[in-house]
Structures are given as structure tokens and as C-alpha cells.
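As they're listed, the protein sequences go chains A and B.
Numbering-wise, numbering that gives the first Met the number 0 puts 223 at position 224 of the first sequence, and it's gapless, one number per residue.
Numbering-wise, numbering that gives the first Met the number 0 puts 134 at position 135 of the second sequence, and it's gapless, one number per residue.
Please note that the accuracy of each hint is not assured.
[Stated by the list, open to error] Below, a sample of chain A positions facing chain B; criterion: calculated Cβ distance under 10 Å:
{"hint": "1", "residue": "10"}
{"hint": "2", "residue": "23"}
{"hint": "3", "residue": "27"}
{"hint": "4", "residue": "57"}
{"hint": "5", "residue": "59"}
{"hint": "6", "residue": "106"}
{"hint": "7", "residue": "107"}
{"hint": "8", "residue": "114"}
{"hint": "9", "residue": "189"}
{"hint": "10", "residue": "206"}
{"hint": "11", "residue": "211"}
{"hint": "12", "residue": "214"}
{"hint": "13", "residue": "231"}
{"hint": "14", "residue": "237"}
Treat the hints as calculated values from the structure; they're not laboratory data.
None of these values were measured; they are calculated from a predicted model.
C-beta: ideal position from N, C-alpha, C; glycine also.
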Amino acid sequence: MDYIKDFLKQFKWMFLVLVITFVIWIFVVVIPKDDNSQEIYTRTNDQCDTTERVFDYADKLTDVEEDLLRGLIAQREDQIGCDIVLVTIDEQLDKSLMAYADDFYDNHMYGYDEPWGDGVVYVDNWYDGNVWFSTCGKAEHNYSTSMINDLIDDVTSITNEDPYQAYTRYVNDVYYQMSGRSINSFNMPISAVLVLAIVITIVYTATGVANTKAKRTTTNTTYVPAGRPDMGLCNDNFISKHTTHRRIESSSGGGGGGHHRSSGGHSHGGGGGRH
Amino acid sequence: MIFKCVNCGGNVIYSPEKAGMYCPYCDSDESGEKAQGAGFTCISCGAPLEVEEFTSACKCKYCGSYSILEERVEGEFTPHLVLPFKVGKKQAKEKIVEQFKKKRFIPSDFLSEAKMEKMEGNYVPFFMYDYDCKYHYEGIGKKVRVWRSGNTEYTETSLYKVERNMDVDFAGIPVDASKGMKDDMMDLLEPYDYQALEQFQDKYLSGFLSERYNMGSEELSIRAREKAKKDAESMIKSTLTAYQSVKTESDEANLSLKDTKYSLLPVWSYLYEYGGKKYEFHLNGQTGKLVGEPPISTKKVVAYSTTTFLGVFAILNFLRMILEVI
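Let the sequences and hints guide you as you build the complete structure.
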């Protein structure tokens with residue numbers, strides 16, 4: 000009985016938190032969310048020469064995966080009012096990836112509101128692993144350099160292992176960032192949760208098993224009634240001195256990015272990375 | 000010999016809370032008078048007492064009366080001094096509970112009233128040594144200074160001849176004279192406030208267990224000398240902190256014994272057995288300082304850690320999924 004009593008006493012707070020998070024999970028995740036309140040945009044650009052959004056020239060996705068991405072992109076585009084385009088290639092380019100991405104966007108006259116208007120394109124060149132994320136219209140104004148870096152880091156971190164998950168992440172990240180949210184807290188993989196739970200358990204167990212040993216509470220003068228010794232002699236006589244020297248090596252580094260104009264004369268923002 | 004209550008005939012004991020003799024049967028103060036007996040039998044109930052080689056005060060396991068074996072606190076065994084208990088049994092139990100109640104893996108019955116009621120107060124025999132120490136030290140001290148100028152780092156090393164002569168008087172270095180008590184645990188219970196030491200009176204032993212010294216003062220003086228020398232070395236070293244390192248050339252400590260006193264010091268002891276192993280806990284009967292490490296219940300470690308892992312994993316996973324859709 001004492002054992003059960005101790006157990007319940009030990010875990011009452013954890014059980015309470017578990018129940019609370021479970022209830023929140025039911026209401027937020029399990030019961031479908033009422034999305035009527037969310038703003039839905041209507042596409043007004045009728046000059047774009049294609050309805051395609053997924054150009055898998057590098058053939059990294061299956062047909063099913065491409066269809067799933069197209070469905071997700073269609074949903075996200077209407078939620079944020081931006082065209083979302085994905086291009087994978089596997090070739091050596093005779094121009095920069097940035098120019099390729101900008102031209103691709105411009106040539107098809109993408110833009111949710113008008114040609115060369117609101118939208119983004121993500122080009123992934125599997126030939127050399129370079130990627131470029133190009134923004135236009137309100138996306139260009141919305142995206143800061145750090146947001147672009149966050150998106151590219153997030154997507155490229157898993158591109159080699161799972162291209163479909165990476166491109167899904169790209170579409171969702173654009174949605175989150177254009178909705179004014181950070182992408183960082185939304186993509187915690189289950190393995191990270193597992194590791195965190197293991198670490199917390201190890202700390203919990205280690206702190207519980209560790210015994211705090213009693214410390215010595217006497218000092219070296221505890222048994223000296225006078226409180227201090229009588230220093231009859233305390234001499235410090237200088238003998239010698241010598242000096243040595245050595246050279247110190249130094250190093251430095253840096254980097255940066257910004258807005259630019261495409262060959263078609265349209266303003267673009269964006270940034271690149273590598274996987 | 001026991002202290003009997005003149006009012007009710009019960010066993011009068013020394014109460015740390017009241018700082019005086021007290022009869023727990025009729026609640027009267029200072030009502031005890033000595034009752035003499037013969038041999039190792041309980042004067043209250045006539046049962047044989049469990050007396051070991053060095054026992055000087057014990058408890059009858061049948062009636063609970065505390066007997067004092069006079070011949071073991073007389074003559075050469077008379078303590079010079081005694082430090083009466085200041086911490087009572089209730090307070091001692093509270094201190095142990097306070098110290099260990101947050102230890103999540105201790106066995107469930109470790110802090111139970113039934114187990115802790117068996118805690119006993121002991122007067123542990125100690126010899127207290129007074130030493131005069133003359134210390135001479137010589138060495139080479141090294142000071143190192145490092146600075147930069149441009150892209151060059153300079154290191155300057157200076158050497159000094161260090162000489163120290165120190166006189167220090169130590170008084171009352173305690174060394175326990177009980178084979179049953181672990182030396183390291185007894186050392187950790189220090190210090191005691193010697194201001195409260197009193198001339199020995201046998202009434203202080205009533206209500207507690209006690210031993211006479213198990214070993215002679217000469218035999219134990221080796222430990223006292225070690226303690227004194229270690230403290231003296233620390234004092235010398237504290238005068239050398241200006242140096243990054245000191246190479247010792249001469250290090251001599253001359254200790255001369257000035258006086259030795261045989262004393263009884265108060266210690267509460269809680270003995271707990273778990274998994275076939277005995278665990279000792281000792282508490283300074285004057286200051287309340289506690290020494291001892293509790294056992295760990297493997298069953299609890301496994302059950303609690305598994306529950307923690309599953310619970311934390313579930314909570315984090317729920318949070319992860321919630322954050323993903325918010």
C-alpha cells in the first residue's frame with residue numbers, strides 16, 4: 000500500500016499534465032478544426048500560361064507524391080494568396096540558379112493576383128545539390144533573409160533522405176511564414192521527442208539515484224582556540240626571473256544576401272543553399 | 000543502576016527538550032533517585048540485560064528501562080566530560096524525514112514511524128587531544144605573468160624562496176574510541192560546541208545507550224596527530240596562495256601532546272536493513288547534523304523511470320501534434 004501511495008504521490012502532477020494535454024489534443028487535433036474563420040483568397044491572374052505547380056524534371060517524386068503535393072499547394076495557395084511553385088532539375092546550368100528560378104517564374108507569368116505578382120518558386124538542382132528560393136510580389140516584401148535561411152535550412156536538412164517530405168515541408172513552411180508564424184516550432188520530428196523524453200528520464204533517474212554525501216563542516220582552525228596560528232616567520236625572497244614569447248596566429252570569415260532584378264526586369268527576393 | 004521515580008516508580012530519563020530529568024510515566028520533573036542492582040539484570044523487571052564487552056548503559060528489551068553499569072563509568076572508565084543531548088528523539092526523527100523525504104527512490108518504509116521508532120541515542124566515547132604544533136616549511140614558489148603585445152604573447156616566470164615558521168595550539172581534537180562506530184562517519188558529525196561540555200554525571204546516561212572507551216588514548220592518538228597535521232598543513236598552504244605552484248624543499252611538523260580528555264559525545268543512530276545490507280545513519284545529538292546515505296529501491300527506480308519516460312513521451316508528443324496544427 001505504501002508503495003502505491005508513494006507512486007501516486009510521485010506522479011500526480013505528471014498525470015494531471017498528461018490529462019490536460021490529452022484533452023487539448025482531442026479538441027485541437029482529433030476534432031476537426033472549424034476553418035470557416037480563415038481568410039480564403041480568390042486567384043485573379045488569368046494570364047499565367049499553366050496550371051501546373053510541380054515540375055519534377057529530376058524525377059525525384061512518384062506520380063502519387065506529385066498529386067499529393069499539387070493538392071496541398073492548391074489548398075495553401077488559396078489560404079495565403081500566393082502561387083507556390085516547385086521545380087526539380089538535374090542538369091548543369093549555363094546561368095545561375097537564381098536567374099533560372101526568376102526566369103522560370105517570369106516566363107510562366109506566375110503570380111496569384113497578376114502576372115509576375117504574388118508567389119514563390121523553389122528550384123532544387125540535384126546535379127550539384129544547390130537550391131534557390133525565389134520570392135515575388137507580397138512574398139518578396141514579407142520574406143526577410145533570416146526567414147529565407149530558416150526555410151532553406153528546414154527543407155535541405157531532409158531533402159537527400161526524403162525528397163517528398165522535404166518538398167511538403169517547403170509548401171507548409173511558405174504557408175506558415177506567409178501567415179506570420181515561425182516554422183521552427185512546427186516541425187519537431189518524433190525522433191526528437193523520443194530523445195528528449197529519454198534525456199528527461201535519464202536526468203530524473205540520475206538525480207534520484209545520486210546521494211548527496213554529508214560535507215565536512217569543520218575548518219582547519221575549528222580546534223584552534225586562538226582562531227589562527229602564530230606565524231613566527233613568513234619570508235618570500237626573490238630568486239630569479241625569465242621571459243619567453245611566441246607568435247599568435249589569427250583567422251576571419253563572413254557572408255551576406257539581398258534583393259535583385261531578374262533578366263525580365265521584375266523585382267525578386269530570395270536566397271540559396273545546398274543539400 | 001537505574002533512576003527510579005520517587006512518585007511512581009517508573010524509569011526517570013534525561014530529557015534533551017527539558018534539559019533535565021523527567022519521568023515519562025507520571026510526567027514529573029527531577030523526581031529520580033538511584034536504585035542499585037546486582038549483575039547484568041534489569042532492576043525494573045528482573046530480566047537479563049544484553050550487555051556487550053564495552054556497554055556502559057543499555058535498554059532492557061523487555062520493559063524498556065535504561066540501566067547504567069556503574070563499574071563501567073567508574074575509576075579508570077570515568078569520563079572527564081560529557082556533552083548532554085540537546086536534540087530529542089522527536090526532533091532527530093524530523094531531521095531525518097526532512098533530509099530524505101524528497102529522495103524518490105528510497106524504500107517506502109524507510110521513513111515509516113515503525114522503523115524510525117527504533118532509533119536510539121548513544122553516548123559515544125571520544126578522546127579529545129590537545130597538541131602544540133611547531134611547523135617549519137621551505138619551498139620554491141613560482142609566479143607566472145602572461146601578456147600580449149601585438150601578435151606576440153609573453154610569459155614571465157618569477158621564482159621565490161619561501162620560508163614559514165608557524166606555532167599553533169590545537170585543543171580538543173576528537174577521536175572516537177568506539178569500534179562499532181565508523182571513523183569517517185564520526186568525523187563528519189563534527190564539530191561539537193565544547194562550551195556545553197559538563198563534568199560527567201551518570202544521570203545524563205539515563206534514557207540512552209552508552210559505551211566505555213574500546214581502545215586506549217595512546218592507540219588513538221595516531222589519528223588525532225594526523226588530523227592536527229592535516230589542519231596545520233592547510234594553514235601553511237593558505238599562506239602560499241600568491242604562487243601558481245610551490246615546490247616543497249622542507250616540510251616538518253613537530254607535535255607535542257599537552258593533554259587528553261575522555262569524553263562522551265551525543266549521537267542519535269538509526270540502523271536500517273534493506274536487501275540484506277545494513278545502512279547506518281548518525282545524527283549529531285547537539286547540532287542535528289546528519290550523516291548517512293539511504294538505500295535505493297531497484298523496484299522503484301525501474302517503475303518510476305519507466306512511468307516517467309512513458310508519461311513525458313506522451314505529453315511531448317501531444318504537445319508536438321498540438322503545435323503542428325495551431
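Here's how the hints hold up against the structure:
no. : hint : in the structure
1   : 10   : holds (6 Å)
2   : 23   : holds (6 Å)
3   : 27   : holds (5 Å)
4   : 57   : violated (28 Å)
5   : 59   : violated (25 Å)
6   : 106  : violated (36 Å)
7   : 107  : violated (32 Å)
8   : 114  : violated (34 Å)
9   : 189  : holds (7 Å)
10  : 206  : holds (9 Å)
11  : 211  : holds (9 Å)
12  : 214  : holds (8 Å)
13  : 231  : holds (4 Å)
14  : 237  : holds (6 Å)
The structure is inconsistent with the numbered hints 4, 5, 6, 7 and 8, although it conforms to all the rest.
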